[in-house]
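Assemble the whole structure, with the sequences as input and the hints as a guide.
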Amino acid sequence: MAELKYDKNGRLLFTKEMKDEGYTILAPSMAPIHFNIVRNVFVHSGYKVEFVDTAGPEIAQTGLKYVHNDTCYPALLVIGQLIHALQSGKYDVNKTALMITQTGGGCRASNYIFLLRKALKKAGFEQVPVISLSIGMEKNPGFHLTVPLIRRVLAGLVYGDVLMLLSNQTKPYEVNKGESMSLVNEWTKRLTDEFAKGDSYRPKEIEEYLDKICESFAQIEVRKTPKVKVGVVGEIYVKYARLGNNDLEKFLADQDCEVNLPGIMGFALFKVDNRLEDIKLYGGSKAKFQVCSVLFNYLEKLEGMIIKYTKKYGFTPPGEYAHIKKLVKPVIGYGSKMGEGWLLTAEMLELAESGYENIVCAQPFGCLPNHINGKGAVRKIKELNPKANIVTIDYDPGAPKVNQENRIKLMLAVGKEELEKQNK
Amino acid sequence: MKLGLDIGSTTIKCAVLDDNNKLIYSTYQRHYSQITEKIGEILSTVKNEVDGVENATVALSGSAGMGVAESCGIDFVQEVYATRVAANTFIPGTDVVIELGGEDAKILFLSGGLEVRMNGTCAGGTGAFIDQMATLLNVPLEELDELAKKHEKTYTIASRCGVFAKTDIQPLLNQGARKADIAESIFNAVVSQTVAGLAQGREIEGQVVYLGGPLTFMSELRNCFDKTLKTKGICPENSLYYVACGAALCSSKTIDFDEVIGKVKNYKGAGNFAFNPPLFENEEEYNKFIERHNKAYVETKELKGYKGRAYIGMDSGSTTVKAVVLSENCELLYSKYMQSKGNPVELIKSFLEEVYEINPELDVASSAVTGYGEDIIKNAFSVDYGIVETIAHFTAAKHFMPDVQFVIDIGGQDIKCFKIHNGTIDNLFLNEACSSGCGSFLQTFANALGYSIEDFANKGIFAKHPVDLGSRCTVFMNSSVKQAQKDGATIEDISAGLSLSVVKNALYKVIRATSPDELGRRVVVQGGTFLNNAVLRAFEQEMGVEVVRSNIAGLMGAYGAALYSMEKVKDRENPRSSIADKAYLDNFVHTIKVTNCGLCNNNCRLTINTFSGGKKFIAGNRCERPITKKAPKNDRNIFSYKLELLSQYKPVEGRRGTIGIPMGLNMYELLPFWWRFFTELGFKVLHSPYSNRKIYQKGQQTIPSDTVCFPAKLMHGHIKWLLDEGIENIFYPCMSYNFDEGLGDNHYNCPVVAYYPEVIKNNMKGIRDINFIMPYLGIHRPKDFPKKALESLQRYFPNLTLGEVKAASKAAYKEYENYFSRLRIRGDEIINEAEQNGREIIVLSGRPYHIDPEINHGIDKLISGFNVSVVSEDVVSARAPEFHTAVLNQWTYHARLYAAANYVSTRDNMQLVQLVSFGCGVDAITTDEVREILERNNKIYTQIKIDEITNLGAVKIRIRSLLSAIGRE
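Residue numbers (my numbering), protein chains in the order written: chain A, 1 to 424; chain B, 1 to 969.
These are calculated hints, taken from the structure and not from any lab test.
Warning: the hint list may mix true and false statements.
[What the hints assert, rightly or not] Quick list of the computed label-pair ranges, beta carbon to beta carbon:
{"no.": "1", "chain 1": "B", "residue 1": "E817", "chain 2": "A", "residue 2": "Q127", "range": "46 to 54 Å"}
{"no.": "2", "chain 1": "A", "residue 1": "K286", "chain 2": "B", "residue 2": "E817", "range": "24 to 32 Å"}
{"no.": "3", "chain 1": "A", "residue 1": "D199", "chain 2": "B", "residue 2": "K806", "range": "51 to 59 Å"}
{"no.": "4", "chain 1": "A", "residue 1": "K16", "chain 2": "B", "residue 2": "G742", "range": "28 to 36 Å"}
{"no.": "5", "chain 1": "B", "residue 1": "D740", "chain 2": "A", "residue 2": "K286", "range": "18 to 26 Å"}
{"no.": "6", "chain 1": "A", "residue 1": "K286", "chain 2": "B", "residue 2": "G206", "range": "30 to 38 Å"}
{"no.": "7", "chain 1": "B", "residue 1": "F883", "chain 2": "A", "residue 2": "K204", "range": "47 to 55 Å"}
{"no.": "8", "chain 1": "B", "residue 1": "T801", "chain 2": "A", "residue 2": "D211", "range": "26 to 34 Å"}
{"no.": "9", "chain 1": "A", "residue 1": "Q127", "chain 2": "B", "residue 2": "E518", "range": "14 to 22 Å"}
[Unchecked claim] In silico DSSO-like pairs for lysine-lysine, Cα to Cα no more than 27 Å straight-line:
{"no.": "10", "chain 1": "B", "residue 1": "K783", "chain 2": "A", "residue 2": "K271"}
{"no.": "11", "chain 1": "B", "residue 1": "K398", "chain 2": "B", "residue 2": "K253"}
{"no.": "12", "chain 1": "A", "residue 1": "K382", "chain 2": "B", "residue 2": "K698"}
{"no.": "13", "chain 1": "B", "residue 1": "K253", "chain 2": "A", "residue 2": "K227"}
{"no.": "14", "chain 1": "B", "residue 1": "K765", "chain 2": "A", "residue 2": "K380"}
{"no.": "15", "chain 1": "A", "residue 1": "K271", "chain 2": "B", "residue 2": "K788"}
{"no.": "16", "chain 1": "B", "residue 1": "K788", "chain 2": "A", "residue 2": "K288"}
{"no.": "17", "chain 1": "A", "residue 1": "K189", "chain 2": "A", "residue 2": "K227"}
{"no.": "18", "chain 1": "A", "residue 1": "K382", "chain 2": "A", "residue 2": "K326"}
Glycine included, every Cβ here is placed at the ideal spot set by N, Cα and C.
Put into structure tokens, the structure is as follows:
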């Protein structure tokens, strides 16, 4: 175990020695395709990151034991999962650190890291440092989110978004079952190998890969039978993580639906754009505006590539950020930035517009921003697009799967009826 | 021919339609969770009784039927969808269907844009809720309807969930309210829940159809809906079978009956439910356990012929009334454990009569009463002492374990636990409205599954795989139990699982403990629920400690009260109790009158009890005003002063027209700012009044999210109030940021406060006809503010100039400062006065909007009634320097909480009580942190959860316990 060092407020730091000693850095998994690809980015930079992807009721139980029970469900799960991992005996707890994201926004999520530290204390793991994966929040001498690292992570997100989008569009229709998933696995392997070498993150390389990836998916033999098309939006963790949404994607697949999960790139753009909007709305530093604009433009460039190549091979591209931002204007103001903010509403509008009018809006029970942008906006969305068939589902440790699925089935029954009408 | 099955949460319905869609066979049965058996049974019967049914197409519907349908190869139809199909077929022209089921509530809008709404995961107000309420009133369901018809008044009862409503009803019962009125109020609660929770802004109009069990069987419930909706809905023939008929109508496949019956019989769930280790490994372990617990034993003695001094203790609890007579050696002479059935006065009277009957010569030396019914019993029978429950329980626990460190009491309705430090109660935990998982919870389940509570609990003792049901509220638990049953859990496993969940609920939700060391090793458990050995064992197992439970665990409150009364008179030579004697009881009269106080904004509903000899007892009041007829003193209560200050911002006629401001959320603090800003600009600023029930109801139908906090919900009513006033401009800005007071790392508003105008905009149609002005504004940047404000206001008022706005902004900032300094000056005066006179100060902390009387329910007055001074967190927050918190300190309001806690920690005569609005996600973080700050400094943390309705009885216990712990009661 490395020497424990603290900052002036008594926060345990992740030191350079810890990095050098090869501490394992555990972080919660969320979107499996993306995270699998990104892992090697960290490994390449010398961080032994491992994404914990455990499941089962004991995770929520562990969370309930160590976190305030009224805290949002993602916090409960993520913290439960990490503590469960530490308790599993699989890791040397004296050579393990944890990592968790921190956005610094006005919702509770910015406090997960503190809740995690409190929980670690309660569970007797005070020697385990927690790294904040954030821009400009907490600093650690042994961990630096450098520009090259960020660029590689972003590249990983691009690949993840594309693979998720493509497989969602081919899987329900593939003639040879399993073909899409094996392509996903194949590409994941190839890309992680590339990342291990430190390559494939430059825009030019990304373009080449996207072209090849899209081409390969276009070759999958499909039979296009009409299916209920379902879009999924929500609080980011519950939207993507199987653990958070009781494996919603699989449930929808079993109900013979085509699923569309808007990608993480939109969220990244949104978070950067917020900083720009803040300055526009309330005033602020021009220099900061410049820096954020550079990042924003870079992200838009990446987004453009995703759209270009998915379109090129006949897939439904993701809604363009600039477009969905315009869509949401009459519904929610751009200043609504906490959590998923207006983006969540915008995604619903975009999904309904692009043929995915059956929508699951997934949120943790009592999610604060979703009172505004989820449940609070549904009425207006339906007014603008009467075809929108939206069901909002709350997730929490006590919410039984049966009830959730029953409500989704209701939404699907209406969707199915509409589909049959169209095909008559 | 078509056959449809509807498998609901409590019943199974089967309908067979002929080729003309005429219902030719139907059956309706309770399934007691034996779903598969019942399906098999019903299918066999149908096959025998209906000719030609073998060729019928079959489909299955209902929330509990999903898994079964899949595994038996029957088509599944979602039940709301089925209802819709049936309604369209049988009653064409239906506009709206309202259907209440066992656990579901649904509204279907059929015409003008199809919409279907089901209750969310946290919505009661359904059949199960009505069942629970009937049980609570101790009347059969049918009678509830009859009772309601005879109502004279209605009370406001929370309908969000059964547990919550109980806490409203119980005090009403204890105060002597009429059952008929309560029955009607329960129905109204259901209506309000359905309409508010499900309509979500959409008008219910046109032809309304009522379906489902509760609405079919209870005509008064339909009446209540009619009245609220101002319509006359119909309840069609076969209203119970609409889902089943709908399923039949949707069916397209025939089935092989015998094969399906066979499959259903053999249907077993996946069998992979999560479970815990068994409670006992073997019988030997169980016997040892029993032997150990038999040691804490109270001796008994015959009451008849007893000659010595006697002491009477009574505990008038929420669901049960307990009473004991003790000898001078603390032996139990007589005891009684009664279901409260609504009227504790009658029960205590009959108890005393019995005692005097058995021993007419009894020399009662002293007596005491505790519990919810303390006040009324004390008054009705001239009991010597009334004590707070915690003290009663502590007194009893000390008797069995003098060095007890922790007492936990799980009763029918409440969980009470406290730590003892240096011989005084130091830290009190009570269950909050939503997390009750107590005795009545087990009882409800036992009954639902057709067992007595004793038999049911005992079944769990040797369960092999106690189901892991988590620790959530009853409504969720119902579904989890069903799920577990489907997955193959036995009744034994479920019984043990429920016992475990009671314990987990207490430990993790109420106490929030993680290890026994937090509680101390010397633990006494009590309360009726612990008489259940499975619960007791589960507690020991979960915490890893061996605890003491006496043989009178269910009577500890009463026993403690008796001991207390004994202690009180021990130095007197010839103590004589003032308690009612036989003659008094013989002539005992008790009449009840209900009225509204009307002396202040709270307008408390008073229950006036009159006893023999004209003795009066008023219940339901928050302050002493209806009794003394004098206004309470406001000079020791900053809440009253704040309201007074804010009411000084009166409209001033202006040249530019009127601006309306909704008086809710952050406006409770920013009114001075915006009032001055707009007044300076030449607007007449009119704000809505402080909230009241009527205002809430005005906007209730437009609330889209039923789980948002009550202060936010109130906003809808305020906007409606302004619209009704005919105001042409409403100003309600979005604000991500608040003022930076330098107390934390950032200065956000919470997402709800920040963006609630968006919800208003998207859900309240009325605002489209006026200027609803809701710009995103940043008052945290005074330099940028005027320019930005002008940009957003010019759209509506093109002739505004930057110069004007600059001047107005300057005045506004000044006004805000001014408001705060006046507030703090008065706060300082209150503190100084209290310090000089040695009075305790309670820092009643929360948010600015907690001063709204409809939000705080007069808790500030209740507290100041205990002869303490009340200030708010913003009075003392400025007194503390910035300090480092263990959480991200990023919200302006919450930073004040931490600062206040930090300051209170340094003061001997100050205590902090935190008000928490139900559903406030942010407070999940602040409550823990405030608690930690206080406890680090050996202060007691007290939290009060408030919602649409709040049980002031529980609040009183908290405050009295706090005061008695610091030696002030």
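Quick rundown of the hints versus the structure:
Range check, B/E817 to A/Q127: about 48 Å between beta-carbon atoms, so the 46 to 54 Å window is met. Between A/K286 and B/E817 the CB atoms are about 30 Å apart, so this pair conforms to the stated range of 24 to 32 Å. Taken as a hint, the range 51 to 59 Å holds for the pair A/D199 and B/K806, whose Cβ atoms sit roughly 57 Å apart. Remark: the range hint 28 to 36 Å for A/K16 to B/G742 is upheld by a beta-carbon distance near 34 Å.
A hinted range of 18 to 26 Å for the beta carbons of B/D740 and A/K286 is consistent with their spacing of about 21 Å. At about 58 Å, the beta-carbon gap between A/K286 and B/G206 misses the expected band of 30 to 38 Å. Range check, B/F883 to A/K204: Cβ separation about 52 Å, and the 47 to 55 Å hint holds. Checked against the given bound of 26 to 34 Å, the beta carbons of B/T801 and A/D211, roughly 57 Å apart, lie outside it.
Distance hint check for A/Q127 and B/E518: the Cβ-Cβ separation is about 21 Å, which falls inside the suggested range of 14 to 22 Å. Of the pairs offered as hints, the one joining B/K783 and A/K271 holds, with about 26 Å between alpha carbons and a cut-off of 27 Å not exceeded. For a cut-off of 27 Å, the pair hint linking B/K398 to B/K253 is broken: about 69 Å separates their Cα positions. The suggested pairing of A/K382 with B/K698 holds, with an alpha-carbon distance near 24 Å, which does not exceed 27 Å.
With a CA separation close to 21 Å, the supplied pair B/K253 and A/K227 stays within the 27 Å bound. Under the criterion of a C-alpha separation no larger than 27 Å, the hint pairing B/K765 with A/K380 is consistent with the structure, at around 10 Å. Our distance criterion of 27 Å between C-alpha atoms is met by A/K271 and B/K788, whose separation comes to about 22 Å. Pair hint B/K788 plus A/K288 holds up; C-alpha atoms about 19 Å apart against a cutoff of 27 Å.
For the hint linking A/K189 to A/K227, the alpha-carbon distance of about 31 Å lies beyond 27 Å, and the restraint is violated. With a C-alpha separation of about 17 Å, the suggested pair A/K382 and A/K326 falls inside the 27 Å cut-off, and the hint holds.
The earlier numbered hints that this structure contradicts are 6, 8, 11, 17.
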